[in-house]
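S.K.: The chain contents come next:
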Amino acid sequence: MKHLSDDDIAQELEKLGQAFRPSSEQKEKMRQRISIQTHPIKSFRVSKLLPTFLSVIVLLSVGFGLYTSLGESKSANVTASWNQLAMQQLSHTSETYYVLLFDGSKLTIEDYYINNPELAAMFNFKINEPLLVPGTYENFTVKQKGNTYTIKVSGEGGFTYKLEKKGPRIFVGEDGIEYHTWRYLEEVITDMATTERLEIAPQSEHTFLIEWGSDSMDRGNHDFEFHEHGQLVVSTDFDELKRGQAVYYHMPSSVIAQNPAVPEKYIGRVVGLPGETVEIKGGQVYIDGKKLDTFYGKATMQGLSEEEYFNKTPRSAIVNEKSTQEYFNTNMAAVTVEENTVFILVDQWWRGYDSREYGPLPVEEIEGIITGTAE
Amino acid sequence: MSSEAWFDEYYDAVYSYILMLVKDSHTAEDLSQETFMKVIRNEHQFKGDSLVKTWIFRIAYTTTMSYFRKKNPITYYFDLHTLNTKHERSSEEIALLNSQQKQFYEALNQLKPSYQQVIILRKIQGFSTNETSAVLNWSEGKVKMSLSRALAAFKIELEKGGFTDETLIR
Chain A
1 MKHLSDDDIA
11 QELEKLGQAF
21 RPSSEQKEKM
31 RQRISIQTHP
41 IKSFRVSKLL
51 PTFLSVIVLL
61 SVGFGLYTSL
71 GESKSANVTA
81 SWNQLAMQQL
91 SHTSETYYVL
101 LFDGSKLTIE
111 DYYINNPELA
121 AMFNFKINEP
131 LLVPGTYENF
141 TVKQKGNTYT
151 IKVSGEGGFT
161 YKLEKKGPRI
171 FVGEDGIEYH
181 TWRYLEEVIT
191 DMATTERLEI
201 APQSEHTFLI
211 EWGSDSMDRG
221 NHDFEFHEHG
231 QLVVSTDFDE
241 LKRGQAVYYH
251 MPSSVIAQNP
261 AVPEKYIGRV
271 VGLPGETVEI
281 KGGQVYIDGK
291 KLDTFYGKAT
301 MQGLSEEEYF
311 NKTPRSAIVN
321 EKSTQEYFNT
331 NMAAVTVEEN
341 TVFILVDQWW
351 RGYDSREYGP
361 LPVEEIEGII
371 TGTAE
Chain B
1001 MSSEAWFDEY
1011 YDAVYSYILM
1021 LVKDSHTAED
1031 LSQETFMKVI
1041 RNEHQFKGDS
1051 LVKTWIFRIA
1061 YTTTMSYFRK
1071 KNPITYYFDL
1081 HTLNTKHERS
1091 SEEIALLNSQ
1101 QKQFYEALNQ
1111 LKPSYQQVII
1121 LRKIQGFSTN
1131 ETSAVLNWSE
1141 GKVKMSLSRA
1151 LAAFKIELEK
1161 GGFTDETLIR
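From first to last, the protein sequence lines are chains A and B.
Under my numbering, the first residue of the first sequence carries the number 1, and numbering increases by one thereafter.
Under my numbering, the first residue of the second sequence carries the number 1001, and numbering increases by one thereafter.
Bound conformation, chain A alone (with noise of 0.2 Å):
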């Protein structure tokens, strides 16, 4: 038998492969189809954009819902900082002089100008059409947001006016008119979640509890104290300090070699926060010379303030009322608080222990924020 020569084979498997060719035909079609997917005929089909539409809708939606969101949880409520402001017109570029009164829930729209051609040839009037109507309103609301107040009457003859603030005691009205107050505008840090009173608050493998025996933290209810209200649960799982939090933390050395009395575990609640700077002006707390408007802002005495501790407290029981107006008229020069450390104080500030005392507590230092009373 003789075997299959090379040569052969590939004579045959060229002839093989000629058999696989398309025919002409095959090809023709083959060409149009490939023409027509590079050439394709543009055609607007709107279920091919349906998805475009409807992301689009959906991406307005979501802003806008962040715009109106964001916008109102923006704008506070700031009437009762302009309680007793008088505000005065400095621009001469209109036919008027106002003089704007807050007083309580008055607010007074005076306008002095004297009607004077000669001044009207010598100032040449830009703002022909200044908004404001004198007289007398009630109810007014004052509404801050960002560098932009909005003062806003309800009732008959309503109206709303915008100011805004060009610096600390300038504001310019949405009309153009320039005003400048007669005093700053206090800026003053809030704290709504903070409450006085501790509640109960539950336990968990992050918890334990404590007994808490000094008064310092007392407001006038016996607070925090263990005889009162039992023992504290202090959480150790906690992220970031918030001010107003009463925290369970280690008493530097150096107040203890001071006084040994003083337990190594200590109360107090955090004020100021990392970067701020923390000073005390006749017993009222500045954070960044903001008036901090919280109820451990200032000095109290049993949860009491200087005008109603003196009203409230017979004069026999009072020790020596000159140290007590001291007391409540404590002062205290700025600090900075560095990073990694927070501003301690406790909440009767002459019965205990405090950042007063050490300055700035290394956050290390503390051991838990304290929830609330266990049961």
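Be careful, since some hints might not be right.
Each computed DSS-like pair below joins lysine-lysine, with the alpha-carbon atoms no more than 27 Å apart [unchecked claim]:
(1) B/Lys1112 to B/Lys1144
(2) B/Lys1142 to A/Lys27
(3) A/Lys27 to B/Lys1038
(4) A/Lys29 to B/Lys1053
(5) B/Lys1102 to A/Lys27
(6) A/Lys15 to B/Lys1155
(7) B/Lys1112 to B/Lys1142
Please keep in mind that the hints were generated in silico from the structure rather than gathered at the bench.
Computed from a predicted structure; not experimentally measured.
Based on these hints, arrange chain B on the given structure of chain A.
M.R.: Using the frame of chain A, we list chain B on its own:
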């Protein structure tokens, strides 16, 4: 030279190459179309450092292989996809073949895929060793060695089917 002229010149070869591998004219059409779509889309990427035909066949090869990979993911990696799938068509359905061609094609299909590749490219499509190595991304040595082994195996397959020098119709 534009891709349309390339289509004229190389479509037949590409189609027959793919058809021999996939054994189904519809699949072969689809894959050839895909191949030429890629050629047209990537025309600017052709660097001219190889023959146009080699470049197009490289694309045809990868397109066909990814088709097999998608179809039979496991067997592909073991070089087991004998290109004989369940719904195997008889040779008559694939192309018009005389009985001798049929036997040749069936013998070819008995070989393992890499042998089929090298025989189809070197002997049927008429590529040189160098070009074949570019299409398959093999070394030239591997092409040469595989070809000689493939041809030996092919001969054995043919002789199993009763082919001898005498029975060959020339």
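S.K.: Taking 27 Å as the top limit, are the C-alpha atoms of B/Lys1112 and B/Lys1142 close enough?
M.R.: Given pair B/Lys1112, B/Lys1142 holds - Cα atoms ~15 Å apart, limit 27 Å.
S.K.: Between the alpha carbons of A/Lys15 and B/Lys1155, is the straight-line distance 27 Å or under?
M.R.: Satisfied, since the Cα-Cα distance of roughly 17 Å is no more than 27 Å.
S.K.: With the threshold set at 27 Å, check whether the alpha-carbon distance from B/Lys1112 to B/Lys1144 stays at or below it.
M.R.: Holds - the C-alpha atoms of B/Lys1144 and B/Lys1112 are around 16 Å apart, at most 27 Å.
S.K.: Is it true that the CA of B/Lys1102 sits at most 27 Å from the CA of A/Lys27?
M.R.: holds, 24 Å
S.K.: Within a Cα-Cα threshold of 27 Å, do A/Lys27 and B/Lys1038 meet the stated pairing?
M.R.: Holds. A/Lys27 to B/Lys1038 sits at ~17 Å (cutoff 27 Å).
S.K.: Taken at face value, is the distance from the CA of A/Lys27 to the CA of B/Lys1142 at most 27 Å?
M.R.: violated, 34 Å
S.K.: Just to be careful, I want the Cα atoms of A/Lys29 and B/Lys1053 compared with a cutoff of 27 Å; is the pair within it?
M.R.: holds, 22 Å
Consistency with the previously given hints fails for number 2 only.
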